[in-house]
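J.: Sequence:
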Amino acid sequence: MMYRCKAWAVTGGMVSLLVMSAQPALAAVAVAGDGQILFDGGLVTETCTISVNNEMGSTSNIALPKVSRTGMVAEGSTKGGTDFTFKLTSCSGSTATKAKVFFQGGPHVNSDGTLGNAITFHGATGVALQLYDASMNPILIGDPSQLNQPATTFGGLMGYTAQYVVNSDAVGSGKFFTNVTYSISYQ
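Going letter by letter, the sequence shown gives residues -27 to -1, 1 to 160 in mature numbering (1 follows the signal peptide of the UniProt record, and there is no 0).
Please note that the accuracy of each hint is not assured.
Derived lysine-lysine pairs resembling PhoX-like cross-links, with alpha carbons at most 20 Å apart [unchecked claim]:
| id | residue 1 | residue 2 |
| --- | --- | --- |
| 1 | K148 | K52 |
| 2 | K73 | K60 |
| 3 | K148 | K39 |
| 4 | K60 | K71 |
By construction, these hints were calculated from the structure, which means they are not laboratory data.
Go ahead and model the full structure; you've got the sequences and the hints to work with.
T.: Printed below as a string of structure tokens:
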């Protein structure tokens, strides 16, 4: 097998190019720059106090109702809608005036963007928890499409709904528990 190596140096710059080819085993590869991506962002200090359902702190508890399995047979059937809100107050120290919530992926997030039951022994089966925005559009947890939601001015309420959704042909009784991590995007 024959190898050829060519090297070029561009004076006055910091570009060097090394081309190696193995003939005939490797074909030539051409790479063309079709565009450029600019990343523009920043870090801000935690500018607001966050509350979920008027509960301060990094962990909030949302009590879901216990619902009957009756009628929960078809995939996509829902029950037990529970509203919850985020509110940002005492905001200072930043040029940001608006914010939005991003629900992050995690160990209980299903491939369809719902939250699975963390209880595996005697837990409810065949159901997941679907989150919805204020317009009752399903939120795909962990998906960047959430960032298309409008931002809310500080002090305003950001409303959401959580409800059970059937995701299997066999719905079984039992306890349901799950969790999700969120982050606040300041704008």
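J.: Please go over all the hints and tell whether each is borne out by the structure.
T.: Results of checking the hints against the structure:
1. Proposed proximity of K148 and K52 is supported: the alpha carbons are some 15 Å apart, at most 20 Å.
2. Restraint check: the Cα-Cα separation between K73 and K60 comes to about 10 Å, which is no more than 20 Å; the hinted pair holds.
3. Note on K148 and K39: the hinted pairing holds, with a Cα-Cα distance of about 9 Å set against a maximum of 20 Å.
4. A distance of roughly 11 Å separates the Cα atoms of K60 and K71; the hinted pair therefore holds under the 20 Å criterion.
Consistency note: the structure conflicts with none of the earlier hints.
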